[in-house]
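Protein chains in written order, with the working numbering: chain L, 1 to 271; chain U, 272 to 756.
FYI, nobody ran anything at the bench for these hints, they're computed from the structure.
Source: prediction; values computed, not measured.
Where hints are given, some of them may not hold.
Unchecked claim - Examples of chain L residues toward chain U, derived with CB under 8 Å: (1) GLY32; (2) CYS194; (3) TYR196; (4) ARG198; (5) THR201.
As the list claims (entries may be wrong) - Examples of chain U residues lying across from chain L (beta carbon under 10 Å, computed): (6) TRP597; (7) ASN620; (8) PRO650; (9) LYS688.
Glycine residues also receive a C-beta, built at the ideal position from the N, C-alpha and C atoms.
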Amino acid sequence: MKILGCFKVVPDLDLIVEEDWNIENHLHIDTGYAKLIWNCFDEGALEMMLRLSDLSEGLNVVYKLSALTIGRQKTENFLKTLYALGFSEGARICVEAEDEILFSPEMISEGIANYVKKIEGQDVILTGIQSSDGNNKMTPYLLAEKLGWPCITQVIGLEPIDEEHLKVTSQVSGGCIVRKVKTPCVFAIGNAPCSYLRIPTLKAKMKLGKRPVTRLVPEDMGMSETAENVRVTALNPIDKKRNTVVIEADSPQEKARCLYEKYLKERLSEL
Amino acid sequence: MAIISREQIVEGLEEILGKEQVITDEQVLKESSLDRYRKYEQVCEVYTQPIPAAVVYVKSTQEVADVLSFANENEINVVPRTGHSAIEGGLETALKDSIVIDGSTMNKVIKVDEYNMQVTCQCGVPLQELDDMLRERGYTTGHSPQSKPLAQIGGLVATRSIGQFSTLYGGIEDMIVGMEAVFPNGKVCRIKNVPRRAAGPDIRHIICGNEGAICFITEVTLKLFKWQPQNNRYIGYKLDDEYMKLGFDCLREVMVEGYKPSFARLYDAADAQQHFSAWLEEGKAILIWMAEGPANITPAIEEGIKGLMSKHPELEEVDPALIEKWYGGLNWGPEQIAEEKEEILATRNIGITTEVSGSWDNIYEIYKTACDRILEEVPDMTLMGGHSSHSYINGTNMYFVYYYNVVDCAPEEEINKYHDRINQIICEQVIKYGGSIVHHHGLGKARAKYVTQEYGSSYYMLKTLKQAFDPNGIMNMGTLIPLRK
Chain L
1 MKILGCFKVV
11 PDLDLIVEED
21 WNIENHLHID
31 TGYAKLIWNC
41 FDEGALEMML
51 RLSDLSEGLN
61 VVYKLSALTI
71 GRQKTENFLK
81 TLYALGFSEG
91 ARICVEAEDE
101 ILFSPEMISE
111 GIANYVKKIE
121 GQDVILTGIQ
131 SSDGNNKMTP
141 YLLAEKLGWP
151 CITQVIGLEP
161 IDEEHLKVTS
171 QVSGGCIVRK
181 VKTPCVFAIG
191 NAPCSYLRIP
201 TLKAKMKLGK
211 RPVTRLVPED
221 MGMSETAENV
231 RVTALNPIDK
241 KRNTVVIEAD
251 SPQEKARCLY
261 EKYLKERLSE
271 L
Chain U
272 MAIISREQIV
282 EGLEEILGKE
292 QVITDEQVLK
302 ESSLDRYRKY
312 EQVCEVYTQP
322 IPAAVVYVKS
332 TQEVADVLSF
342 ANENEINVVP
352 RTGHSAIEGG
362 LETALKDSIV
372 IDGSTMNKVI
382 KVDEYNMQVT
392 CQCGVPLQEL
402 DDMLRERGYT
412 TGHSPQSKPL
422 AQIGGLVATR
432 SIGQFSTLYG
442 GIEDMIVGME
452 AVFPNGKVCR
462 IKNVPRRAAG
472 PDIRHIICGN
482 EGAICFITEV
492 TLKLFKWQPQ
502 NNRYIGYKLD
512 DEYMKLGFDC
522 LREVMVEGYK
532 PSFARLYDAA
542 DAQQHFSAWL
552 EEGKAILIWM
562 AEGPANITPA
572 IEEGIKGLMS
582 KHPELEEVDP
592 ALIEKWYGGL
602 NWGPEQIAEE
612 KEEILATRNI
622 GITTEVSGSW
632 DNIYEIYKTA
642 CDRILEEVPD
652 MTLMGGHSSH
662 SYINGTNMYF
672 VYYYNVVDCA
682 PEEEINKYHD
692 RINQIICEQV
702 IKYGGSIVHH
712 HGLGKARAKY
722 VTQEYGSSYY
732 MLKTLKQAFD
742 PNGIMNMGTL
752 IPLRK
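The following block holds chain U by itself, in its conformation from the complex:
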C-alpha cells in the first residue's frame, strides 16, 4: 500500500510526465479499475474494485522507468496495460491508490527486417494494424487471437497469448525474438535478437507471461512469416455430439501423424450452434482444419487429413466453402463489445469463456465432467459447451463457453453467484485430472487463488522470481500470486 497520499501520487506523476499524460478523470479511473472478467459489473457500470489514483500514458522507455522508480520508492501498486482487452482480472486495481501505466501511446513499429524475417515494435502497437501492414508486404506475424482488433503487442506477450493458427506458428512464446522491459527499480533490460542461444536459461520467459507482475514490457521483436492465403485449404466434418471423445482422438491422430495444419478445432454441439447454425443440425459437433503455407504443401496436408478421417464412419464431410466463410468472421472487435453490452443490459444474459489445457488422455474427462458439474450445480444456465482450438503433439486445449441469466442478483453479487463458481468448478476438474487451469488468457487475479495447485512444488520458483524482481511488491499485486487476506 502506498506510503504517500493519493494527492501526492498525482503530484509526483505530474512532475515526471506533465499534466497532459496523467489522467484523473473519475470515469476513466473507474473504467480502469477492472477488465472484462467483471463483464457484468462493467456493463452495469458498477465498480467494486479500488479506484486507481491515476492512469498515466507513457511515451518512452525512460518515462516507464521514471514512473516505476517513483512507484517503487513510494510502494505504490502499478498495473501495466496496453490494449485493455484482458479477461481474467489481470487489469483490476486490487490495491488502493494504484497507478495504471498505459503503454498504448508507445505505438511505433521500429523496424521491419524482411531479410532476417523479424519485426520490432513498441508495446502499444495494435496487432491488427501491425499484421495488416505486414500482409500488404506479403508477410504475417502468424499471430491471430480473437482479440486481434483490440490487443496490443505488450499485453499479448505479457499474457502468453496464442492465436488461431497456433498449430502451425505456435503461441506468442514461439514468435518472440528479443525484448525490452523495465523492472520496478527502473532498470531497463534488453534481450538481443538472435535466432537461438544456449547461454544459460531462456530469460525471455521471465518477461513473457509475467502479466505485469514482474516488469513492464516496452519493446518486442517478433518473427515474420510469408503470408500465402491463396494456398489455404479447409477441411470439415460433422459428427454426433455423443462422439466428442472420438473428436478429440481425431485431433490427436492428425498431430501424431505429423501434419501441421494452421488451425485444428473441435466444437461440441452447443458451441457449434453459435457459429454454424445456418447449416449444421442441432446435436452435431464439428471438426475443422485449415492448412496454410506453400502451394505444394497445403494440398498434401488436406489429403493426409482426409485420408485419416476416412477411416471413421461416424464423420460426415462438410463443404469446405462453409468453413472458409465462417473463418472470415471470427474476430472480436469494439463493435461486437458495444453490441454485447446492449444485449446483456436488455436480457441480463451473459456469456463467458474459460480456457484450459490437458493431455490427450485426460482432456475429454476434463471437458465432460466440468460441463456436467456446472449444469448440475450452477443455476440459470442457458448454454454450456466449448471447443478445442489449439492442439499439440501431446494434448490440446479446451475453451469452455457458457452463458447464464443473472437472476435476482445485484451486479456486485453476480461474480460470486455465477462467474467465480463456474471458474472454480472448471479449475477443480482440471486440477483433478492433471491439466493446466490456464491455456492462454493468463492467471490474472481470477485464477491466482489456484496458483499453488497449478504449480505444485514449482511454485517456489515463481514466488522467488516475484520476490527477486519486485521486492517492494508494487507490480500488479494480486495477479499471478494472490493477495494475502
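If we strip away everything but chain L, and leave its shape as in the complex, we get:
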C-alpha cells in the first residue's frame, strides 16, 4: 500500500518578537528569522504513518511511505529527516515565495492532486487538518474532491488490515468511531495522540538521509492554473489583554474571603 504524507514547514511563531506583531500600515508579518518546525498537525500525521508501518511488522502488508511538501529549499532538510526515518520517497514542489500561497488551499490541493495523478500514484494520503500559519482548514477536503476520493477527518488511529483496507479510528461528536476503510482515501489529522515525530539517529541520517529529493515545478503541477482567489486586505492583532482586578487586603485569609464573596459565590451557586 502506498501512503503519502503531505506536510508543511512553518516558522515557530512562539519566537516572533512582540514588535513584529505590530502590523500597522502593512500586510506582512516578518517570520523570516524564526526557527522552522513541522506544522504540528502534519507532524502528528507523519508519526501516525510510521506507527502504522511499525504495526505491519509480521503481517502480510507492505507500506511504502512517501512525503510531499510545497515550499522553499530549506524544507528539504525535513524531507531528508523523513528519509532517515524510513520514508522511501520525498518530493518538493518548489515555491520560494511561501507567503504567496499562505492563503491558497486551492492551489496547494491542486499541486498535491496532480502529483498523485501524474508523478506517483498513491492509495492513501495523510495531511494535517490545517497549518499553524495559514489556518485555512480546507486542503484535505479540496484534495479529496479533486481526486474523487472519500475524506475522513479527525483521524486519531490507523491500523493495518490488508493491502486494500485500513482500520481507521476517528473522533466524532461525543466519541470515537472505528471503521474498516477501503482505499483510496484522504485522512485529515487533527488531535493525533502522537503529536511529535520521532527523531532519527545521526547514523541513520548519514546512511539514509543523503538521497536526493525530487524537485517539481509548480506550473507542471497545475498550480499556476489555479487562480489565487483570496487576497489579504487587512490584519488585526488579537487583543490578549484581560480586565484585571487586584484584590487588596491585609491577609491572605481576607483576600480569599473577598475572592469568594465577590467573584465565586454566585457562580458556584449556579453549578
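Place chain U on chain L using the hints.
Below, chain U alone, put in the same frame as chain L:
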C-alpha cells in the same frame, strides 16, 4: 547519616518552624530528591535517589540558623536550594532522610542603592523579577543566564553562575559585593559591602560557588549597571563548519585586541541549526557578537570587530537584524520545561548540555575530540554539537549540546547508559587537554567524581575548607566532594 529517626526529624523541624513551613507531602518530597541532571527520570516520574524527610521553607536568616543547628546536632544531611533549576545533580538528596532547605520564600529586595550602584536582596529573589524591576529604573544586574526565568539569587551565587553578557559584565563572582551566609553550626556571617579591599584573602569566594556544601546563602548584594539597550549593536558572520578552529581564533582576536562586546558566541553547524534554521544553510557555523554600553562606544566596538573580521575571506556577514531577533527568544522558562517534558515522553529523545572551559590553545581539541569520541562510543545519538558563549583574554568556554534517543532502556538505567557516559567522555577530554570540566553549572554530584583530577594538588584546599566549615558532614553531601562508597 542522621542519628535520629525520620519522624523525629520532622517533629524537630515542626518545633522550629511550625507545621506550615515543613512539607512532607510524598510527591513534593520525591520531586525534591533530584534536579534536572536526572531529567529523564524526572519526566518519567521515576525516583531513584533517597527521598528526603522534609522540605522546609525558611522565612528568615534566624530560621536558617536554627534549622542548620538542629541538622548539625543530629547529623542530618541538608540540601540548600532556591530556584530548583540546577542541572548537575547539586540538588539530589544523596543521603537518607535529608532536609531540603528552600530559601525561595526569602524573596525581598532589601535595598536598591542607585548612588552606590548596588542592590541588596534576600536569597529567594527571582533574577527575572529583580532585573525587570531594575530595568524599569534604567539599571540592570548585567546577569542574564538562560535560566533567568527560573533561577534565584542564592542559587546563582552558590553555583558561580554566569550570564549571556559575561564578556562585558563578568560572571556572578565579578558582580557580588557583600553577602550573608549561615554555616552548619548556626553561625551567621556577613561580609560588608565595599568596592574592594585587601584585608587578607577574598572570603566571598568561600561562599560563592560553595554549591550548598559549606553554607547557606541568605543575602547578596550585587553591583548595578546602566541599562542602555537602545545602543546595542549586533554583528554576525557565517562560516563553513570545517572552519571551527578559525571561529575560535576569531573570538580570540576580538578579546586580544581589547574589545569588550557583551556577548561573543561561536555555534558549530549542528547547534546553529537549532537556533538559526530559518535562514542559515546546513553545514554552516556562525559567529555573533553584541556590543552594549554608551552610545559612543558600541559603534566603535562594532566597527573594530568588523575590521578584524574583514581580514578573513572565509567569513560571510549576516544581517544583524536576524541576530537581534534571535537574541529576543533565548531564555528558558517554565513553559519550555513543560513542553520539553511532553516531547521527551512522546519521542524518548532527550537533549542535555555540558559546559567546560579551555585556553585558546586547547579549546578546539577539547571540542573536536569530545564530539568525535561521543559519536563513536555512545549509541543512539541524534545531535552532537555545541557553542562557545563566554570568552576571556586567555580562553573561552565550550557548551556541548547533545541529544539522544533512549532505546531499550528503563528510566532508571538511562543515566548509566547515556548521560553519565557522555559526561565521562567530555570530562576525560577536558582533563587530557588541560581545561576545566566545569564552566558555570557547578560540579554538583554528577561531576564531583572528577574533582581530584580537576583540582590536582589544590584539592587539599577544597577538602580542608569543607572539613573546617562542615566537620559533621551535613552540607549537601556528595556535592563538590564525592561520597565514599
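Checked against the structure, which of the hints given earlier come out wrong? Of the numbered hints, just 9 does not hold.
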